[in-house]
Amino acid sequence: MNNLRILAVLVGLLVFVTSASFVRAQDPATVLAGAELSRVVPPGFYFQGQSAPTQMRNAAAVRFGTNRQVVAGLVDTSGYAADVRAKYEGFLITDSPITVNGSELGIGAYGFGFSDDGKFGLLDVSGKEVLSTATSKDNVLKRPRPLMMVKAADGVRLYSGRDYVTIKVR
Amino acid sequence: MKFHPPLFSVTACLLSCSLLVAVIAQTPPKKPEPQQGMGVSTGAAINYSSRRTIGINDPKAPLIFEDVTDKTPLAAFKHRSGGPQKEYIFETPSSGVAIFDYDGDGLPDIYLLNGSTMAAMGGKEKAPRAALYRNLGNWKFEDVTEKAGVANERWGFGVAVGDYDNDGHADMYVGNFGVSRLYHNNGNGTFTDVAEKLGVARKGWSTGPTWGDYDNDGRLDLFVPGYVDLQLNALPPSPGEASKPGGVGQNFCQFRGVPVMCGPRGLPGEGDTLYRQKADGKFEDVSVKAGVDDPQKYYGFTAAFVHVNEDKLLDLLVVNDSTPKQLYINKGDGTFEEIGYPSGIALNENGREQAGMGLAVGDYDNDGRVDFHITNFSDDSNVLYHNDGEGNFTDVTFQAGLGEPTIPFLGWGTSFIDFDNDSWLDLFVVNGHVYPVVDENQWGTSWAQQALLFRNLKNGKFERVAAAPGSALASAWPGRGLAVGDLDGDGRLDLVVNNIDSKPAVLRNTVAASGHWLAMRLVGDVSKKTPRDAIGSIAYLTTGKLRQRIDLVSGAVYCSQNDQTLHFGLGSATKVDKLEVVWANGAMEVFNVPAVDRIMTVEQGKGEKPDPKSQISNRRSPP
Chain A
3 MNNLRILAVL VGLLVFVTSA SFVRAQDPAT VLAGAELSRV VPPGFYFQGQ SAPTQMRNAA
63 AVRFGTNRQV VAGLVDTSGY AADVRAKYEG FLITDSPITV NGSELGIGAY GFGFSDDGKF
123 GLLDVSGKEV LSTATSKDNV LKRPRPLMMV KAADGVRLYS GRDYVTIKVR
Chain B
2 MKFHPPLFSV TACLLSCSLL VAVIAQTPPK KPEPQQGMGV STGAAINYSS RRTIGINDPK
62 APLIFEDVTD KTPLAAFKHR SGGPQKEYIF ETPSSGVAIF DYDGDGLPDI YLLNGSTMAA
122 MGGKEKAPRA ALYRNLGNWK FEDVTEKAGV ANERWGFGVA VGDYDNDGHA DMYVGNFGVS
182 RLYHNNGNGT FTDVAEKLGV ARKGWSTGPT WGDYDNDGRL DLFVPGYVDL QLNALPPSPG
242 EASKPGGVGQ NFCQFRGVPV MCGPRGLPGE GDTLYRQKAD GKFEDVSVKA GVDDPQKYYG
302 FTAAFVHVNE DKLLDLLVVN DSTPKQLYIN KGDGTFEEIG YPSGIALNEN GREQAGMGLA
362 VGDYDNDGRV DFHITNFSDD SNVLYHNDGE GNFTDVTFQA GLGEPTIPFL GWGTSFIDFD
422 NDSWLDLFVV NGHVYPVVDE NQWGTSWAQQ ALLFRNLKNG KFERVAAAPG SALASAWPGR
482 GLAVGDLDGD GRLDLVVNNI DSKPAVLRNT VAASGHWLAM RLVGDVSKKT PRDAIGSIAY
542 LTTGKLRQRI DLVSGAVYCS QNDQTLHFGL GSATKVDKLE VVWANGAMEV FNVPAVDRIM
602 TVEQGKGEKP DPKSQISNRR SPP
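In order, the protein sequence lines correspond to chains A and B.
Residue numbers for the first sequence follow the working numbering, so the first one is 3 and each next one is one higher.
Residue numbers for the second sequence follow the working numbering, so the first one is 2 and each next one is one higher.
Next up, chain A with everything else stripped away, as it sits in the complex (with noise of 0.2 Å):
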């Protein structure tokens, strides 16, 4: 009978964890739009000794709960810098631990690019990478952007045209 309790508060606690990492994983995600959309996105991104304007057109944000925000957003490198734009071309902003494709990213601001070989890379802004991931592609999506974020089954997309990585709030 002593194992049987011991057996019913273990089933109890993993039941308990699970459902409270199930329910912190469920956070209801809401892509921002509109005025909720601008008032998350700043107007410029510092990176590597520069600072670059936001193109709002190309800037997206996703609330977790009730106030735990991923935003992001393409920035004007100037001309056609098709390196640079490979490696920087939009900046990450998170202000809860999030995984992007599964690998665990801390709070923080950061650069991305993705590269025409399928890469997302994550940069710190000192341009030292932080992380890099394979990128999916979508090739049924209907009227791609530039940068956009789309909910789920598994998360929050974070696309680039047609191809994307999926983020998760931690």
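Source of the hints: derived by calculation from the structure; they are not laboratory data.
Since this is a predicted model, take the numbers as computed values, not measurements.
All C-beta atoms, glycine included, are put in the ideal place defined by N, C-alpha and C.
Each hint should be verified, as a subset may be incorrect.
Selected chain B positions facing chain A (in silico; Cβ < 10 Å) [unchecked claim]:
#, residue
1, 265
2, 268
3, 343
4, 347
5, 352
6, 354
7, 378
8, 435
DSSO-like mimics (lysine-lysine), calculated; alpha carbons at most 30 Å apart, straight line [stated by the list, open to error]:
#, chain 1, residue 1, chain 2, residue 2
9, A, 139, B, 462
10, A, 89, B, 298
11, A, 144, B, 462
12, B, 298, A, 144
13, B, 298, B, 204
14, A, 144, B, 332
15, A, 144, B, 459
Fit chain B to the supplied structure of chain A, relying on the hints for placement.
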């Protein structure tokens, strides 16, 4: 201990579910699919062992275009656009060209815009001059710039032709970096700049304008895109100062790691302007009221008033550099609705903003709807948008065979042209890079580039026409502006290319296997509220089961103007079954066409107009 199956099951389930969650969480990301051969924005650096934009020819290819420049006075024209190093963005895009019959003698003339220099802008040297060449026939031209008074002597970019005052003489608007001009054709071989007087002396950086009667009052209105808001006294860093603190060596103004001129990204853009012509002949700026002022300040290059849907109202397409394209649908109440994104035309099929330069307007698949071809930067393909109807477009570039072949090229002027008169619109593109430094590196591209001619295969696809050695297609130019017209009246369309920092290229169409043809000039009835030059009208020509459509458009191409004589290739057909004209006022009329292989003039409400200036072709019949 007793065994409790239900409890065990719950525990086991939770554990296995947890494990499953853990396993899923640790599953490596799905391996990316191989990169598809679709349009992409400027890609990563690739080194090539040879350039892919020059020296590509085929000894077996037939001669199609002969470069006859040196046989004409146009060879003396030297375009100038800043210095050779191209340190600033205003030195790189450069000028358009117009083919139009300014003196009404039935022969299309040529107007070449010129650029300028910093020294000329500062009054330290003589400004480069634009030039007007009167067509004397038989490939003879006379430089009449001085007499005509159209030297411009400002940094010229775009030109659009339109008879804004309905007096029967073609006028032209010139978009400058500085103050733009409206050259009124006085009807006696001279022009007068009336831009200030009529309220269209736009300041800033005006590019490829377009005329069109968007409000159906019978008077042409004018749209002028703006490019970059650049002040000469506050220029961005230049590559020549790359090593200085804050210079391009330390910022993002680089191409493949090499310092280059800054922009357009990172520089402030300029809004666009719509001038509505009032009853008194003056113009008013209605950009904001009409909803086409471009508050996002995209980098506008080329525009065209054109009927995108079938509602008889002129719509407006604006091709922007490095920002989304804008498609404005005319609501019929003096305002427009911008539908670039939902229409599918703002971006390419992969959702990328492209560096739009030039615009070709035409119904390439003869389905009765107008399609668009737009040129872009190197490392990116040009883009072909098929009009699906009801304001929807699909990027069909790669399906059409126009993707891969165009990637190394940096495209500018583009036009649909039925070069062999087979009744199907082919495609011509002129190219040239903006960074001189590309010639110092093996990036597979070059400063001067070959032009591209794509033959329409009549099944929605195109193929590049091979260049015969020594022919115009085998030559390489730093091309920018392009204009199409039948300069010798032989029924085969010729071309003029305005090349940056170079002489132009005059290309005579010598294709041997050419079909029958019919060219027509439209004259609108002003009393019925159609502009006299009929801009905004559409001609449909039926031969057998084929019904072609050609729109009478002002502007487009890239800051340039094609001859507004509509040219139909007829293939083997020797008679036209039906000619319908939908005039700019929306009225439809059917005309009888008694003979082909000629130029006819059609007047609204009056039928074919006897025109002694229309030259019957003396060209032999096609084989």
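Return the numbers of the hints above that this structure violates; sort them in rising order. Nothing - there is no hint that the structure violates, so all of them hold.
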